[in-house]
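S.K.: This is what each chain is made of:
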Amino acid sequence: MSPEWQTVWLTLKLAGITTALLMVIGTPIAWWLARSSHWLRQPVAAIVALPLVLPPTVLGFYLLLLMGPEGVVGTLTDTLGLGTLPFTFAGLVVASVLYSLPFTVQPLQNVFSTINERMLEVAATLRASPLDRFFSVVVPLARPGFLTAAVLTFAHTLGEFGVVLMIGGNIPGETRVLSVAIYDHVETLQYGKAHLLAGGMLVFSFLVLLTLYLINGRLNNGNLRS
Amino acid sequence: MKEPGILARFATGFAGFRLDVDLELPGGGVTALFGHSGCGKTTLLRCIAGLQDCAGYLSVNGDVWQDDNARLPVHKRPLAYVFQETSLFPHLSVNGNLNFGYRRTPASERRIHPPQVIDWLGLSHLLVRRPDRLSGGERQRVAIARALLTSPRLLLMDEPLSALDQTSKRDILPYLETLRDSLDIPIVYVSHSAPEVARLADYIVMMDQGRVVTQGCLQETLARPDQPFALEKDAAVIVPAVIRERDPQWHLCRAEFEGGNLWLRDDRQPEPGSRVRLQILARDVSIALTANPDQSIQNLLPARVIDIAAEQRPGMTTVRLQAGRTSFLSRITSRSAHQLRLSPGMEVCLQIKSVAIVE
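Protein chains in written order, with our numbering: chain A, 1 to 226; chain B, 1001 to 1359.
Next up, chain A with everything else stripped away, as it sits in the complex (with noise of 0.2 Å):
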């Protein structure tokens, strides 16, 4: 495979990896955000805002400290014999988890907080158990949701480029992702290959964008509103 091609690879995997794993975290946070009443609900929105406005650098700064030998989170997974994760895939996926959190609790929490408690009392009275309430009746009813949290989170892990610089650095199929490249050839006065990527991403967008978009309009002005 060509450097180009293995960078183009590997940021999909990261992108492909990181939404996924997101689906199954954010989904009960986002739950659990738009259904509480708890006094912690107002600190959680904000400590899961939080990426939203810090500078990558500052993120990716600390993920640095705590996961290095030195910090608590990587004295943890060096005494499991997992080594520490800076400058590994298995770190930039976490730093990407994090740093994509809001992309997808945010467009979740929105989405189930307009589902009527209604619907649900209802599930509850047809023999359906908490568990199958949820997929059976939330899941449907907020498919546009999901579709829109996969999607930012998908895009916005793609464009990543402070965190994985301070955590990842730039290691031809460890942790070399897209952003990463087209600086670097933009650095060594390599415009053409920096545009072919730039391009590629912009084009590639634009395109994951558009489907959203034309899909959450259809389902929008489909049979699901009540």
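Mixed in with the good hints there might be a few duds.
Okay, the calculated beta carbon distance ranges per label pair [to be verified]: (1) A:135 / B:1110: 21 to 27 Å; (2) B:1111 / A:76: 55 to 61 Å; (3) B:1069 / A:215: 46 to 52 Å; (4) A:170 / B:1076: 56 to 62 Å; (5) B:1036 / A:140: 34 to 40 Å; (6) A:32 / B:1166: 43 to 49 Å; (7) A:135 / B:1068: 30 to 36 Å; (8) A:32 / B:1113: 35 to 41 Å; (9) A:73 / B:1013: 45 to 51 Å; (10) A:215 / B:1113: 36 to 42 Å; (11) A:72 / B:1132: 52 to 58 Å; (12) A:36 / B:1037: 28 to 34 Å; (13) B:1129 / A:116: 17 to 23 Å; (14) B:1013 / A:41: 23 to 29 Å.
Keep in mind the hints are simulated off the structure, nothing from the lab.
Glycine included, every Cβ here is placed at the ideal spot set by N, Cα and C.
Assemble the complex: chain A is given as a structure, and chain B must be docked to it using the hints.
M.R.: Leaving out everything else, chain B in the frame of chain A:
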């Protein structure tokens, strides 16, 4: 040994409202929870369903659903609940909605099946439609059918007609009567509409401010002279009857009840043999000491005075009378009651000016 009936004892309070009831309801037929809005009837229904968390005790025909130690979650209670407003799942077709509960009911517990319910509620032409393509009345019929397909042992209905217009109401009531007559499970029906209760209920529980004011079988409760919830002006009795003959010449029909016959206008043109509920307003019933046929009123019945109660409104008296085994109320002026020297046990003649079939 199973104890039949529904035993419900709940005490709960929130936001300035207290519900405090201790009820023993019949294990079959339609029980109406009746009262003004805010009286706690919906809260009581939600407690029975388990949708609302409240301390208490509940058993349904011998099965304990809640006591001090345990409380069955909603989805484990074999009940069906019909909500006030549209509650169909918007992402499923009519058929998908109907099957939602049916699929989740163990096959061994299924006693009610789709073809039967689709027939009862007249849904066969709607199955592939989406909920937003249905009228209000159709949606509520689907919601009732969906609830029944869980083969419940208790059917709870929270003002199922209140969100509908008059036409839809008139259309759906006959379906509810079919259910009442076809199902062998108790139905608890919340309503603030006296005509609905008069038409459907067998047993009535009147509530006010979270408490039970009075309860009893519909006919007896409505025939109480001390009307407990200020019906006075509209006080009426409900008399079950069977149409026996129609007289086209005079545009009348004859209804037979336990204790005699009544003639009424043949406006509804009921089939001879059909069962109806007659409503007789207390203000349309007057009392004579002897039967006098030389007058315009056609319905004259021998009856006995049971009791006499002064109304809250000065100058008016309500008299309860019995003809055969049926109770009637008569609303007369206190002066008439005094001049006729009415007293319990007295034999008199009832003059009934107007009889209507409840619709």
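S.K.: If a hint holds in the structure, say so; if it doesn't, say that too.
M.R.: Here is what the structure says about each hint:
no. : hint                       : verdict
1   : A:135 / B:1110: 21 to 27 Å : holds (23 Å)
2   : B:1111 / A:76: 55 to 61 Å  : holds (58 Å)
3   : B:1069 / A:215: 46 to 52 Å : holds (50 Å)
4   : A:170 / B:1076: 56 to 62 Å : holds (57 Å)
5   : B:1036 / A:140: 34 to 40 Å : holds (39 Å)
6   : A:32 / B:1166: 43 to 49 Å  : holds (45 Å)
7   : A:135 / B:1068: 30 to 36 Å : holds (34 Å)
8   : A:32 / B:1113: 35 to 41 Å  : holds (40 Å)
9   : A:73 / B:1013: 45 to 51 Å  : holds (49 Å)
10  : A:215 / B:1113: 36 to 42 Å : holds (38 Å)
11  : A:72 / B:1132: 52 to 58 Å  : holds (54 Å)
12  : A:36 / B:1037: 28 to 34 Å  : holds (30 Å)
13  : B:1129 / A:116: 17 to 23 Å : holds (21 Å)
14  : B:1013 / A:41: 23 to 29 Å  : holds (26 Å)
In this structure, every one of the numbered hints holds.
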